[in-house]
Amino acid sequence: MDHQNPRPRTILETLGEEIVRIITPVSICMLLVVILVSILRGDSSSEGSSITTMATMAYTESSSDSMWDKLKGALLNSLVFVAVVTVVTFLLVLLFYLRCINFLKYYMGFSTFLVLGFMGGEISLLLIQVFSVPVDCITFAIVLFNFTVVGVLAVFLSKMAIFITQSYLVVIGMLVAYWFTLLPEWTTWVLLVAMALYDLAAVLLPGGPLRLLVELAMSRDEDIPALVYEARPIISNDAAPGGGVIQRRVWREGRGDLDENRGLRSNTRSDIASDSTPGTDLSVGIGESRRTIVDAEEGRVFRTDSELAAPLIQHRINVRMNSSEDGDNLALEGIGLASSGAIKLGLGDFIFYSVLVGRAAMYDFMTVYACYLAIIAGLGITLVLLAVYRKALPALPVSIMLGVLFYLLTRLLLEVFVVQCSMNLLMF
Amino acid sequence: MTVAAGTGYVLLALGPSLSLFIAVISQKPFLVLTLLSSTLLWLMSLIALSEIWRAFLSFKTGLLCPYALVILTSVAFQEALRLFLWRLYKRMEQILDAFADRVSKPHLFITDRMQIALAGGMGHGVAHAVFFYVSLLTPAFGPATYYVEKCPQMPFFLVSAIVALAFVTIHTFSMVIAFSGYSEGNRMDQYFAPAVHFTAGMLTLTNLASRGCVIGIPLLYGIAIITLGYCGKMVWKRLTENRGTLH
Chain A
1 MDHQNPRPRT ILETLGEEIV RIITPVSICM LLVVILVSIL RGDSSSEGSS ITTMATMAYT
61 ESSSDSMWDK LKGALLNSLV FVAVVTVVTF LLVLLFYLRC INFLKYYMGF STFLVLGFMG
121 GEISLLLIQV FSVPVDCITF AIVLFNFTVV GVLAVFLSKM AIFITQSYLV VIGMLVAYWF
181 TLLPEWTTWV LLVAMALYDL AAVLLPGGPL RLLVELAMSR DEDIPALVYE ARPIISNDAA
241 PGGGVIQRRV WREGRGDLDE NRGLRSNTRS DIASDSTPGT DLSVGIGESR RTIVDAEEGR
301 VFRTDSELAA PLIQHRINVR MNSSEDGDNL ALEGIGLASS GAIKLGLGDF IFYSVLVGRA
361 AMYDFMTVYA CYLAIIAGLG ITLVLLAVYR KALPALPVSI MLGVLFYLLT RLLLEVFVVQ
421 CSMNLLMF
Chain B
1 MTVAAGTGYV LLALGPSLSL FIAVISQKPF LVLTLLSSTL LWLMSLIALS EIWRAFLSFK
61 TGLLCPYALV ILTSVAFQEA LRLFLWRLYK RMEQILDAFA DRVSKPHLFI TDRMQIALAG
121 GMGHGVAHAV FFYVSLLTPA FGPATYYVEK CPQMPFFLVS AIVALAFVTI HTFSMVIAFS
181 GYSEGNRMDQ YFAPAVHFTA GMLTLTNLAS RGCVIGIPLL YGIAIITLGY CGKMVWKRLT
241 ENRGTLH
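Protein chains in written order, with UniProt numbering: chain A, 1 to 428; chain B, 1 to 247.
Check each hint, because a few of them may be wrong.
[As the list claims (entries may be wrong)] Simulated restraints on C-beta separations:
#1 B:R211 / A:K72: 49 to 57 Å
#2 B:L83 / A:I381: 50 to 58 Å
#3 B:T145 / A:E122: 51 to 59 Å
#4 B:M202 / A:A83: 37 to 45 Å
#5 A:K72 / B:T145: 40 to 48 Å
#6 A:L76 / B:G15: 46 to 54 Å
Keep in mind that the hints were calculated from the coordinates and are not lab data.
It should be emphasised that the depicted structure is a prediction, and the values quoted were computed from it without experimental measurement.
We put the beta carbon where it would ideally sit given N, CA and C, even for glycine.
Could you put the whole structure together from the sequences, leaning on the hints where they help?
So, in structure tokens, the structure goes:
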């Protein structure tokens with residue numbers, strides 16, 4: 001190629017970077033959960049001996065029940081769970097309304113400590129058992145304690161290196177998702193669908209708790225403390241009139257938990273220069289036998305400099321005025337190139353995606369691959385919708401519905417066909 | 001098979017794709033998205049085919065006819081899907097060019113278009129390798145291995161990995177050829193991809209005969225090498241023709 005004049009860079013170099021930056025941690029979390037599930041649950045497929053949690057309060061599934069009984073039991077379980085989640089979310093809205101922000105933040109730190117310390121500790125012990133790692137109690141306790149404390153600081157403080165925060169959020173998501181996979185099978189699937197529907201209702205309906213929370217935060221111009229994964233913002237090296245302005249907005253939101261399991265929800269949202277629509281995350285943890293609650297939501301916010309924000313807004317206005325009425329162009333602008341804000345995805349989305357994939361891993365890996373592709377496609381569709389509608393959107397429904405659909409299709413149809421063709425070495 | 005053997009088999013089937021991914025596709029995020037969407041699309045085509053052929057699965061015969069029919073219809077369906085993918089790609093190219101105009105960047109270069117076609121083809125290849133091959137590996141970890149009676153020289157997984165590698169190559173590069181043929185209107189290129197796909201599918205029918213894989217698999221590799229060579233020649237010709245202009 002011509003080396004005297006360097007070729008001008010096309011849009012292909014940078015388009016879609018934001019989406020890839022959010023797909024990568026979601027994929028890593030799913031991969032970790034699949035690995036954990038296949039290591040720890042590979043040998044013992046004990047469906048009946050699951051943990052007693054809020055999610056199995058109404059009905060404990062046993063493998064000898066008929067299909068109809070299992071379905072009814074799973075529905076009851078999910079209803080109980082969603083009801084608990086709704087109550088706790090309304091409680092959160094109330095606390096936020098009464099401005100008990102500090103209480104929420106401390107509670108969030110406390111529940112992070114519980115997740116990392118106790119759940120992380122139990123899973124580490126199981127792994128040590130499986131691999132026969134020679135380590136003594138004192139070393140283990142010290143390492144676990146250090147790990148937990150750094151994790152609490154990472155989600156609590158705003159000045160931590162972003163990579164550490166992101167890693168800890170992924171680890172928290174992985175741990176909570178693994179515990180969800182311990183639920184019985186029918187309950188898990190019906191629960192996923194129920195949470196997707198709940199997410200849809202709570203964010204989009206006028207009386208929904210999350211929508212109230214978002215509107216409260218917007219009217220007060222405050223940030224909701226929540227556990228939110230924030231992708232690193234993209235610095236566009238070219239063409240912004242104000243220079244490359246990095247604008248980072250993170251949520252800081254805390255939620256209090258009562259002694260019950262709470263549901264996790266999160267909305268995706270992309271930052272826009274000044275009119276950001278806060279996304280809310282609820283976190284719910286699954287209680288262990290001790291019925292502890294884990295709260296996992298946290299975000300961080302940096303106040304943007306108002307002077308720096310001005311050229312960015314100007315740039316955006318220029319771009320918008322030049323754009324045609326074509327809806328497609330607008331969609332591209334929101335996702336990829338022009339916005340310098342980062343895409344945020346709540347931790348609840350991580351958790352429920354990973355639960356779906358982890359549950360698929362308990363059947364076979366073909367379903368894992370199919371569900372992974374379906375979930376990523378759903379996430380992409382949600383991000384496109386986000387760019388089009390520019391308000392807080394639920395991230396669960398599309399992905400979960402696609403994931404469940406592909407799981408059923410793969411398990412019932414694809415597997416038999418492909419295995420039969422492949423065993424005869426017939427491929428196309 | 002052991003974990004080491006399993007890893008070896010996976011790398012045998014997907015190793016070149018992995019290096020292609022790291023070297024070319026992971027550099028540009030848009031190509032990663034193209035790869036994922038392409039894989040999803042071909043997965044959906046496999047699901048559709050398995051729905052159509054659901055009744056066939058009850059006959060577990062070793063006869064040639066039903067299997068030949070399966071392969072014929074499946075390849076025809078997938079080639080029709082490739083045409084549909086081309087239409088989608090044309091539309092997307094228009095959107096991308098309009099977007100590039102808006103942010104005052106140049107239109108897509110010819111190398112960019114070829115890279116998008118490569119990512120699409122790799123999606124097809126990866127979908128094939130993952131669903132026809134890799135998903136069979138994981139239940140088989142353990143102390144033993146499995147041999148097919150029609151091809152007893154090597155373990156089933158090794159033979160299958162070799163076949164998967166050939167198919168990945170064929171799928172990846174025939175997409176580049178096909179898209180280039182559609183955009184230039186070159187008939188030869190346009191018919192190359194379906195012809196190669198049909199031939200490759202039919203060649204795997206030889207695996208149904210006892211010891212047929214000894215003939216079938218080297219011929220399959222011949223097809224893969226032809227595809228590679230043809231693609232290289234075509235790309236070289238296009239790039240040198242357009243050396244002055246980048247579009």
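Going down the list of hints, with the structure as the test:
1. B:R211 / A:K72: 49 to 57 Å: Since R211 of chain B and K72 of chain A have Cβ atoms about 55 Å apart, the given range 49 to 57 Å holds.
2. B:L83 / A:I381: 50 to 58 Å: violated (24 Å)
3. B:T145 / A:E122: 51 to 59 Å: violated (35 Å)
4. B:M202 / A:A83: 37 to 45 Å: Once the Cβ atoms are compared, 58 Å apart, the range 37 to 45 Å for A83 of chain A and M202 of chain B is violated.
5. A:K72 / B:T145: 40 to 48 Å: For T145 of chain B against K72 of chain A, whose Cβ atoms are near 44 Å apart, the range 40 to 48 Å holds.
6. A:L76 / B:G15: 46 to 54 Å: The hinted range 46 to 54 Å holds for L76 of chain A and G15 of chain B, with Cβ atoms some 49 Å apart.
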